[in-house]
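Engineer: Going line by line, the protein sequences match chains A and B.
Mapping to numbering that gives the first Met the number 0: the first sequence position 184 is 183, numbers consecutive.
Mapping to numbering that gives the first Met the number 0: the second sequence position 74 is 73, numbers consecutive.
Read the hints as simulated data drawn from the structure, not as lab findings.
These numbers were taken from a predicted model, which means no experiment stands behind them.
A few of these clues could be false.
[As the list claims (entries may be wrong)] Pairwise CB distance ranges (calculated):
#, chain 1, residue 1, chain 2, residue 2, range
1, A, 80, B, 138, 36 to 42 Å
2, A, 30, B, 246, 54 to 60 Å
3, B, 323, A, 200, 46 to 52 Å
4, B, 107, A, 14, 39 to 45 Å
5, A, 109, B, 2, 44 to 50 Å
6, B, 331, A, 80, 32 to 38 Å
7, A, 147, B, 158, 55 to 61 Å
8, A, 203, B, 246, 29 to 35 Å
9, A, 14, B, 331, 32 to 38 Å
10, A, 32, B, 125, 43 to 49 Å
Backbone N, C-alpha and C define an ideal beta-carbon position, used for all residues, glycine too.
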Amino acid sequence: MALLDIRNLSVSFATRSGAFRAVDSVDVVVDSNEVLGIVGESGSGKSVAMLAVMGLLPWTATVTADAMTFDGRDLRTLGTRERRRIIGRDIAMIFQEPMSSLNPCFTVGFQIGETLKTHLHMDKPARRARTLELLEQVGITDPERRLSAFPHQLSGGMSQRIMIAMAIACRPKLLIADEPSTALDVTIQAQILDLLVALRRDTGMALVLITHDMGVIAETAEQVVVQYAGRQVEQSPTRELFRDPHHPYTFGLLAALPERATGRRLPAIAGVVPGQFDKLPGCTFAPRCPHASDLCHSQVPPRAPARLGKALCWTPLVNGVPQHSAVAS
Amino acid sequence: MVLYFLKRAALTIPTFFALMFLTFAAIRLVPGDPVEVRVGERGISPERLAQFRHELGLDQPVWKQFFDYVWALLHGDFGTSVVTNEKVLTEFFTLFPATVELSLSAILFAVMIGVPAGAIAAVKRGSWYDQTLMSISVVGFSMPIFWWGLLLIMLVAERLHLTPVSGRIDLIKFYFEPVTGFMLIDSVLSGQKGALLDALHHLVLPVIVLGTVPLATIARMTRSSMLEVLGEDYVRTARAKGLSPFRVIGLHALRNALIPVVTVIGLSVGSSMAGAVLTETIFSWPGVGKWLIEAIGRRDYPALQGGVMLISAIVISVNLLVDVIYGVINPRIRHGR
Ligand SMILES: Nc1ncnc2c1ncn2[C@@H]1O[C@H](COP(=O)(O)OP(=O)(O)OP(=O)(O)O)[C@@H](O)[C@H]1O
Ligand SMILES: [Mg+2]
Numbered sequence: 000m001a002l003l004d005i006r007n008l009s010v011s012f013a014t015r016s017g018a019f020r021a022v023d024s025v026d027v028v029v030d031s032n033e034v035l036g037i038v039g040e041s042g043s044g045k046s047v048a049m050l051a052v053m054g055l056l057p058w059t060a061t062v063t064a065d066a067m068t069f070d071g072r073d074l075r076t077l078g079t080r081e082r083r084r085i086i087g088r089d090i091a092m093i094f095q096e097p098m099s100s101l102n103p104c105f106t107v108g109f110q111i112g113e114t115l116k117t118h119l120h121m122d123k124p125a126r127r128a129r130t131l132e133l134l135e136q137v138g139i140t141d142p143e144r145r146l147s148a149f150p151h152q153l154s155g156g157m158s159q160r161i162m163i164a165m166a167i168a169c170r171p172k173l174l175i176a177d178e179p180s181t182a183l184d185v186t187i188q189a190q191i192l193d194l195l196v197a198l199r200r201d202t203g204m205a206l207v208l209i210t211h212d213m214g215v216i217a218e219t220a221e222q223v224v225v226q227y228a229g230r231q232v233e234q235s236p237t238r239e240l241f242r243d244p245h246h247p248y249t250f251g252l253l254a255a256l257p258e259r260a261t262g263r264r265l266p267a268i269a270g271v272v273p274g275q276f277d278k279l280p281g282c283t284f285a286p287r288c289p290h291a292s293d294l295c296h297s298q299v300p301p302r303a304p305a306r307l308g309k310a311l312c313w314t315p316l317v318n319g320v321p322q323h324s325a326v327a328s
Numbered sequence: 000m001v002l003y004f005l006k007r008a009a010l011t012i013p014t015f016f017a018l019m020f021l022t023f024a025a026i027r028l029v030p031g032d033p034v035e036v037r038v039g040e041r042g043i044s045p046e047r048l049a050q051f052r053h054e055l056g057l058d059q060p061v062w063k064q065f066f067d068y069v070w071a072l073l074h075g076d077f078g079t080s081v082v083t084n085e086k087v088l089t090e091f092f093t094l095f096p097a098t099v100e101l102s103l104s105a106i107l108f109a110v111m112i113g114v115p116a117g118a119i120a121a122v123k124r125g126s127w128y129d130q131t132l133m134s135i136s137v138v139g140f141s142m143p144i145f146w147w148g149l150l151l152i153m154l155v156a157e158r159l160h161l162t163p164v165s166g167r168i169d170l171i172k173f174y175f176e177p178v179t180g181f182m183l184i185d186s187v188l189s190g191q192k193g194a195l196l197d198a199l200h201h202l203v204l205p206v207i208v209l210g211t212v213p214l215a216t217i218a219r220m221t222r223s224s225m226l227e228v229l230g231e232d233y234v235r236t237a238r239a240k241g242l243s244p245f246r247v248i249g250l251h252a253l254r255n256a257l258i259p260v261v262t263v264i265g266l267s268v269g270s271s272m273a274g275a276v277l278t279e280t281i282f283s284w285p286g287v288g289k290w291l292i293e294a295i296g297r298r299d300y301p302a303l304q305g306g307v308m309l310i311s312a313i314v315i316s317v318n319l320l321v322d323v324i325y326g327v328i329n330p331r332i333r334h335g336r
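Kindly generate the complete structure, drawing on both the sequences and the hints.
Structural biologist: Next comes the structure, spelled out in structure tokens:
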């Protein structure tokens, strides 16, 4: 049984201009000790989907799902109190903006210790010892001194390491990393990703890695989910996705990778992501898709079978060629 | 931090000189002088009048009077009251504890109600509670103190007999020598049964009257500051840790939201000491505010000049202290620059 099993997750926000569906029928399945990558452009609903798992969405959000279980427990029926016992302990999450994610008024030691106290009820000396251990584990030099540091005294990379230390404090079974390195500069980015991969190997936790960098996916993830405008357009093992992408969007993303480009110019996907107010009756990618037909524009495509990456497409690609018969079968 | 504080302190020196000039000038612009007030309408011989004037230094040219006054102040001499012949400094500090007791109680009242009320309004923004609270606070904010005080006296004290009308304690039932000048402390020290309760009873109405404006200010400030903080990433982090809503809001959010509020609280301490002038007059509260109003009536120049200078000095010091506290509670300032 999968560690995290989410079927047909949808999230809509109540806005002034009516309901807005930020996540639309997304499936996320993560096994123990697996790394799942979620890719997609900005606004594709990656964060919102994972915040729904954590139960951290604002009250304006409505979450629906056919199934939403973590470690055998149904998250949909769990009371807020029981949920709080799981999040921060068995599922932990780190965020995009490390600098603003730590509370400026409390020391590093306090903020890590608070998690230990809340979930593991450790006493003060035990918390201190464990915090030092954690700081060392995430590669902070001179941990003794950092205990009493305030967040404004830390660099971005260091803040993210502290966030990671805090997240893994209770040895979670699942760590959700929401673009953990986007806000950092390139060398630090690589260090943070390496750290996450190493921690996953050492602790045996599962990792959901949200990113919009295909390169990061290639290096770290075992399974990939590709999201586009709130929908999940493709899902398959990383190796297969890179070998033969089935959705035109994934195809475009991979073609845009510098190391794959053949010509002198990098190919880009023309057009922009549909906004909150674009009501598209058919496939949300159709306006930008080189293979789109009238059907694509008018009707939501069905999901292709697993051998075609569960692509949400009328004419999934095989070796870059649209298969018109694929869906009918 | 220390340097910053010293700079701020140095900046207050020009303020003091401006103050000396203003108080000196303002008082002299009011018609009548101490001699006329004392002599009254009976009239006395011109020679006696001139002698009085000479004794008080009023026959000197105005610039000379000002110079003497500044010179004395710089030597720590706040003058002698022309009415009671007491040192202004002594009179002031005999009455000052009563004012401090009243203003601090009023601020305490305002903080204890205003901070939680504002924080809850922010958490439940847009709700019925939030809208009611914000409407009430607009009224409180613009409440005319004098009218409010009289209204409460009429309603609560006269009609309902819930509280006494004036004073600090029932002088018929309780009598003891002041030790600290703070009635709440002295009443306990006196060991007389019921004295503390009676003193508290006398404090209720003045505290409500003086605390109304700061209460409204603090509630609004806490609400807006809290609204801002609740959207911050670190609040989401706190929730992601699985902390209880009480801890997330009451510790992680409020601790940050209070940083700007502390400044407002500090400044209210200063302004409530000044505001005590009205409240003390309404409730016959024997503090420096009431004393100053009486000094105006008697044209007691030294008492007025000295009293205003002292109050101003205290208000300025309190504001300086607020700066220091702001630095202490805000780690970004404490260890920076
Ligand atoms: N609280 C909210 N109320 C209304 N709309 C929201 C809210 N939070 C997110 N959205 C909308 O949901 C959509 C998906 O947002 P989300 O943050 O999940 O994107 P993302 O894929 O994580 O993008 P990024 O790469 O920029 O982090 C966006 O269009 C966003 O505007
Ligand atoms: Mg995001």
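Engineer: All hints, please: hold or fail.
Structural biologist: Status of the hints after comparison with the structure:
no.	hint	result
1	A:80 <-> B:138: 36 to 42 Å	39 Å, holds
2	A:30 <-> B:246: 54 to 60 Å	33 Å, violated
3	B:323 <-> A:200: 46 to 52 Å	50 Å, holds
4	B:107 <-> A:14: 39 to 45 Å	43 Å, holds
5	A:109 <-> B:2: 44 to 50 Å	29 Å, violated
6	B:331 <-> A:80: 32 to 38 Å	34 Å, holds
7	A:147 <-> B:158: 55 to 61 Å	58 Å, holds
8	A:203 <-> B:246: 29 to 35 Å	30 Å, holds
9	A:14 <-> B:331: 32 to 38 Å	35 Å, holds
10	A:32 <-> B:125: 43 to 49 Å	45 Å, holds
In summary, the structure is inconsistent with hints 2, 5 from the numbered list given earlier, while agreeing with the others.
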